[in-house]
Amino acid sequence: MAAIEVRNLTKTYGDTTAVADVSFEVGAGEIFGILGPNGAGKTTTVECISGLRMPDGGEVRVLGLDPGRDREEVRQLLGVQLQESQLPAKIQVREALELYASFYREPADVGRLLTQWDLTAKAGARFGKLSGGQKQRLAVALAMVGNPRVVVLDELTTGLDPHARRVAWEMVEQVRAAGVTVLLVTHFMEEAERLCDRVAIIDAGRVVAVDTPAGLAARGPAAGQRMRFRPSVPVEDALLLALPEVRGVERHGAYLEVTGTSEVIGAVTAYLARRQIIAAELRVEQSSLDDAFIALTTHTAAAATADAAAAAAAAAAANDTAEES
Amino acid sequence: MTTATHAPRLLPEFRMTGNGFRTLVRTQARLLWREPAVVLSGIVLPIALITVFGFIPAFGKPSAALGGRTTLDVYVPTFAMLSSVLTAFTALPVTFADLRERGVLRRLAVSPVPAAGLLAAQVAVIATTAAATAASVVLIGCGGFGAALPAHPLTMLASYVLGTTALLALGLLISALAPSAGVATGIGVPTMILNFFFAGVYVPLQTLPHVLRTISGFVPYGAIVDTWSGSGAAWQHLTVLAAYTVVGALAAARVFKWE
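These protein sequences, in sequence, are chains A and B. Each residue of the first sequence is one higher than the one before, counting from 12 in the working numbering. Each residue of the second sequence is one higher than the one before, counting from 182 in the working numbering.
Watch out, some of these pointers could steer you wrong.
Computed from the model, here is a short list of chain A residues facing chain B with C-beta under 10 Å [unchecked claim]: (1) Gln92; (2) Arg116; (3) Leu125; (4) Ile276.
Cross-link-like lysine to aspartate or glutamate pairs, in silico, EDC-like; alpha carbons within 20 Å at most [as the list claims (entries may be wrong)]: (5) Lys101/A - Asp279/B; (6) Lys438/B - Glu95/A; (7) Lys438/B - Glu109/A; (8) Lys438/B - Glu216/B; (9) Lys133/A - Asp279/B; (10) Lys140/A - Glu440/B; (11) Lys146/A - Glu109/A; (12) Lys146/A - Glu282/B; (13) Lys101/A - Glu282/B; (14) Lys101/A - Glu216/B; (15) Lys140/A - Glu216/B.
No wet-lab data here; the hints were simulated from the structure. Beta carbons are placed, not taken as given, at the ideal position from N, Cα and C, and that holds for glycine.
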């Protein structure tokens, strides 16, 4: 059974369509990313999964349960870290964990959570006095306090400095290591690339692609690889361009920049090795998820404007389907 | 949160573990007592007022205008009720609105806590605080300064208990709806002043026109004071207070907004 299933989800607020048509499935044990620009409908989707909002159309299932109808059961099994959610300023870290632990049938041990999330030294500190990183660690600890089977992390690392962000990434991997399925909402490509098994890219309320980060990157406009190095002996462009894997060669002073297919690195280094040329200061860049993301989302943004009427019709159709089922 | 897909139900969902409720009460009590404004208005102020009044010699002398009672006699019940009124119309709604504004309730909404449990725990804490303060006021006023005990202690007690629950239920209803601390104050304070007016705090009830006196019996604080002064039938006032309690609490739990 899928940990999370979302089928043709729609949600509108007044005249604004926050989610036009979102479908995806998260397998048990996955780290699944939801990636999208601001206002794409990521948070609304997560809110429907958490049972904070009722969908206008479509279906949401968490471990086979409906977050609206089986509210109590879903809340026991689903841990959530929310954007823009806080604790009372004067509550102490340990008090907060003990309070939330008391709501669950089979809570985690509070002492162990404090140790695991490096909060033992702050157990008696008030929430209002914590740093951004400490607050996020507490938020994840609270998401884990009910021993959930699925955890939703909404923009966990937004507003964190690079060091705290890396710590947060390790936390996500720890959560998964505990056997918990993770739904990770982010707008950082690097984060999705580093953590996620699969990613859904959402734009203007629709899923534009679901794939592994590498699979998505390969869909980018400049799919392939780029290498930059300083050859120990001058090399002529034409010799490199003769290799079938090479698409382009550029010179930057003593450096060469070669672009080509995904096999270009192997082809060029083998060629240089045969000629006994050393590639000093070699740097390799993959065409990134970033490129793919920009290409995918800008495309749909234009399409969405053109098809505004069609989108409304699709939303209405989704509503009808939901009522029939 | 209610939706069209759910069958409407009169009683809100209330499933919580005993441990969950106790921990919630304990935590909310600690948080409430960490707020200086609540401690000052809900506990310190009524006790300080009765103590100061007790030390004023003239207030201990029977007055013909008060039907042979002393000023202190009259003020013991008023001050005993003060903690309930102040916390119900200020501390309770402002606390909830602040929690809502900061997203604390949003976080609680995705945990298994039911709205009714959250409200009940907060009411338990405030009602206990108010009752302890009221008991202290009566003890200081009657025990310490010799104010007369009420003639009908049971009616008095019933009106105090039902009065407090009625006030808290109204406070809860404001709590359930006010989107921000500013709005909560904007609704809570005028409601409180209206209650003070109809309880004769500003102008003696005896001087009010008949229509206003009748209305007074249907305003919570007014109904409480009427019970004490023996104006109108006690059972009628107690019924009014019980109705406020039940309707207010049910409505609050049903319309409660997590954000």
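Here is what the structure says about each hint:
For Gln92/A, the interface hint holds, since its Cβ comes within 10 Å of a Cβ in chain B; the closest pair sits about 9 Å apart. The closest approach between the C-beta of Arg116/A and any C-beta of chain B is roughly 7 Å, which is under the 10 Å cut-off, so the hint is satisfied. The interface hint given for Leu125/A is broken, as the beta carbon of that residue sits about 17 Å from the closest beta carbon of chain B, more than 10 Å. For Ile276/A, the suggested interface contact is broken, since its CB lies about 46 Å from the closest CB of chain B, more than 10 Å.
Restraint check for Lys101/A and Asp279/B: the C-alpha separation of about 13 Å stays at or below 20 Å, so the hint holds. Annotation: proposed proximity of Lys438/B to Glu95/A holds, straight-line Cα distance about 16 Å (limit 20 Å). At most 20 Å may separate the alpha-carbon atoms for a hinted pair to count; Lys438/B and Glu109/A exceed this at roughly 24 Å. For the proposed pair Lys438/B and Glu216/B, the alpha carbon gap of about 23 Å is over 20 Å, so the pair is violated.
Taken as a hint, the Lys133/A and Asp279/B pair is broken in the structure, with Cα atoms around 24 Å apart against an allowance of 20 Å. Pair hint Lys140/A plus Glu440/B does not hold up; C-alpha atoms about 24 Å apart against a cutoff of 20 Å. Only pairs whose Cα atoms come within 20 Å are accepted, and Lys146/A paired with Glu109/A is accepted, the gap being roughly 16 Å. At roughly 18 Å between alpha-carbon atoms, Lys146/A and Glu282/B fall within 20 Å of each other, so this suggested pair holds.
Of the pairs offered as hints, the one joining Lys101/A and Glu282/B holds, with about 15 Å between alpha carbons and a cut-off of 20 Å not exceeded. Pair hint Lys101/A plus Glu216/B holds up; C-alpha atoms about 9 Å apart against a cutoff of 20 Å. About 16 Å separates the Cα atoms of Lys140/A and Glu216/B, which keeps this hinted pair within 20 Å; it holds.
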